[in-house]
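Once you know that position 131 of the sequence shown is 131 in my numbering, the rest is easy, because the numbers rise by one and skip nothing.
Hints in this document: simulated from the structure, not taken from any laboratory. The beta-carbon is built from N, C-alpha and C at its ideal position, and this holds for glycine as well. It is possible that some hints are incorrect.
[As the list claims (entries may be wrong)] Taking lysine-lysine and the BS3-like style, the derived pairs with C-alpha atoms no more than 30 Å apart in a straight line are:
id	residue 1	residue 2
1	768	757
2	189	145
3	145	98
4	189	768
[Stated by the list, open to error] What follows is a list of derived Cβ distance ranges for each label pair:
id	residue 1	residue 2	range
5	630	604	26 to 34 Å
6	793	19	42 to 50 Å
7	859	604	54 to 62 Å
8	764	178	49 to 57 Å
9	630	186	39 to 47 Å
10	186	659	44 to 52 Å
11	780	321	46 to 54 Å
12	306	602	48 to 56 Å
13	240	484	49 to 57 Å
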Amino acid sequence: MTSRSVRTGRHPADAPWVRTRLRTAPGTAWALALLVLVTAFLSAVFPRAVEHQGTEGLRQDITSAGAGRSVLELISPQPSLQLPPAEREAAVRGAALKAVHDKARAAMPAEVRPGAADSSYGFRTAQPMATPEPWLPRPEGVDPKLSYATPSDLRDHATLRSGAWPAVRGLVTEDTDEVEGVVTGATAKALGARLGATVSVPTRAGEHLTVRITGIITPREPRSTYWSAEPLFRTPALVPEPGSNPPSLDPPRHYWTATVLLPQDAAPALLGSTGEPEMFWRFPPDASGLTAADVPGLRTALASLEGGPGLVRLRATAGDNAVFTTGLDQILAGYDTLRTAIGPVVTVAAVGVGAVAAVVLLMTAGLIGGRRREELALLRARGGSLAGLAGRLLAETAVVAVPAAALGLLAALPFFGSARPGLAVAGPVAVAVLVCVAVPVGAVAPHRRPRLPGARDDLITARPSRLRTVAELTVLVLAVGAVVGLRRRGTAEGGGDLLVSAAPVLVGLIAALVLVRLLPLPLRLASRAVARRRGAIGFLSLARAGRGSAGGALPLLALLLALTTAAFGGSVLAGVSEARDRAAVLEVGADARISGLLDAAPLPARLIREVRAADGVRRLAEVQVVSGVPLPPGADGTGSMKNATVLGVDPDAYARLARSAELGTFQPDRLRADRGRGKGGAGTGVVPVIASPSVAAELGDGPRDLTTPAGDLRVRVAGIMPRTAAVPDHDFLLVDSAVLTRQWTTTLLVAGAPDPKALRTAARAAGKDISVRIRAEERAAFVDTPMQRGTRGIYAAAVGVGAGYALLAVLLSLLRTAPERTALLARLRTMGLTSRQGRRLLGLESLPQALPAAFGGVLVGWATIALLAPGVDLAGLALFNGTDDAAPDAALLRPAPWSLTLPALGVVVLTVGAAAAQAWWASRRGPITELRSGDPR
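With the hints as constraints, model all of the structure from the sequences given.
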């Protein structure tokens, strides 16, 4: 021994353990690294995708809400009349308003604080004032009412089309008798304003301020907050006169209202007007940098500005009576409602896919440990400790898993850039820790006790231990509690409860444990039956299947969880589509609906004939809609405050159409009246009717007299339906149209695939007040918000990822026993087994586990959906909101046949195909290569 070797304590030929192992089995190391990388990437991308979709949804909600709802506005009344006139006039000029604007803008929430160029301020009259100028239009004899405002930076937001910009002649005060102003092109066209025209503004002193129109302008960005926060700045409106004639006698008269824009320093002239002038500062929220994580802080800041310390600070700047108003808090409330409805559904998908990935990682760890069982047994026999072996395995696993997890994290960061980076860390860390713990523990645990050579743990002969029984009962209790909690509380209330979100996973786990316990029984029975038959293939395949490890619950669990996740995710996607289809049907009532004004105006007979003869029309139901029919008083003489809609229909045609639309099906005979007795007026007979539940409760069981504009009837309730096609969301009475004294058709319900263009052409030719609604167009109107679209994408990805992990679970399960099967085929080939028989043998050997997994996956998927459907709310995911009163049952979770059967069939095909491929590959190699001397296989 040299002095160098003595000093180092190591022989120069010694090599580090980790490096040696990685060089010995590089394929295993690379495969493990790839699996860890992909799993870490998915676990890092998921939370970023969820936050990104929340951020995009929040930004779209704010930008699409319109300036009138989202703008942050500070309003202060005109300066106090107790102040000197000079101070009052100075307070409303541009310089003073700008100073307040700069301080108020600094107080706006930092999350949505706009740039200085996007905000505006000025002085305006809050109430429009009647203008008796003779040149102004009066469509219904009422004087127009005009408002006046001095918005800031008008020249930066508009283009002069004709005339000149308004100017300030000298120092404008409250006593100034004439100022200049401009109007937009739309206002000038509607009001007939010309250059040089004047309007008179009444003042409190009984005099008038003259405003001369010097120019006509065009907004540069008409949809910007500057012009949209107060639409009258840009476009005039024809509005009804308040407090005019009673609605029951004559409709209200309409008049024009618009705004004339003055220069900033002309504001003092409005102080004396009778229009209740006020100062305003508007700040459009800038949502470009807003994220979902900023919502709590933004909500707190808005509450402070509306009635807290923030409002106190604003009043110190803008005046003691200043008021802060915004609709942004209502937008945030709607966003929270949608996110609360969607979040728990997403969590269910995340837990399912995460569980499948975890099981596959555990299977990989088991495969690695099984391949090294003889090596570790030899080291253990030579004095190696469990802790020492586990430490070495941990070191070589960490060298592979930790860098792979880090690469997965780095690969996920470029995706969904608006999400916080910290959200992506937890997933890869959990993946790395799970692999680094599972591989050493799974490999070392079987060596705690000596194992006799040749000892087997067969599936058929194994008996579960008491510890395993206790663990399975514990999981069963957790699963039952999760299912009960989800059914009772629902996803909306149990969204933060991980146990409730894990209910599908726990159901799949229980099913896997039950199948593992029950599987030996059919194998024993089948083995006994096949043993008496001629031929060795069936007996050998069942014997091989029965010799599988009794601890093989992980492959079955992975398959069941993957199939359950795919079934649940596919059912969610199918439920969303079905809910939207149902909502469209409830909105229209049929494939197409043609109706007169307010469903009350009669339709021309020519239109009915053209629609009936149109291409694509399979069925047509003519309906007479009579709205607002008062129900008769009760038996005790008390009057009823309820009204109902009476629907006169042809029983046969309407019943067929209602059946095709699945809206209130009924037998026509129940509605068909004795037409010889019923026609001609009331009192000639009792007419059977079908009513909604509330109307049926009001009418009772006996005959009741009913007065309608279509004739007086004596009716008796012959059936009850919760809804009907003609008016799905109203209280109604269906009656045979033949018994009505005055008959006309107000609505046509069309079943089939008519051409919308042809229907609208016919409707336009029949009259301008006839509306056409198409179910397909209503269905297309359900445009996904970013959160809804992202959630559907997550569920689609969950189905794909679950299928991928199921494929990997099948391959890992086959790889675990691949060497044994290859050696078996080699031995049997020396005894005369053909290649075709080898493929049959391996295929039949794989079926006893593939078929229970597929059948169990279908059964468990169906049971999971059936158990959890009452607690899963898809309304927020399917519709714009979760409160569609017309469709209370339109967002239910129902099993989707394709998501139940296709993945299960894929498992069987994949398993048999992999076994056949292995048999083909083994047949290409000679038996001498496989049957080496001393090989324990």
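Now for the hints, and whether the structure bears them out:
no. : hint                  : result
1   : 768 x 757             : 15 Å, holds
2   : 189 x 145             : 16 Å, holds
3   : 145 x 98              : 29 Å, holds
4   : 189 x 768             : 25 Å, holds
5   : 630 x 604: 26 to 34 Å : 30 Å, holds
6   : 793 x 19: 42 to 50 Å  : 43 Å, holds
7   : 859 x 604: 54 to 62 Å : 58 Å, holds
8   : 764 x 178: 49 to 57 Å : 51 Å, holds
9   : 630 x 186: 39 to 47 Å : 45 Å, holds
10  : 186 x 659: 44 to 52 Å : 51 Å, holds
11  : 780 x 321: 46 to 54 Å : 49 Å, holds
12  : 306 x 602: 48 to 56 Å : 51 Å, holds
13  : 240 x 484: 49 to 57 Å : 56 Å, holds
Checked against the numbered hints given earlier, the structure satisfies every one of them.
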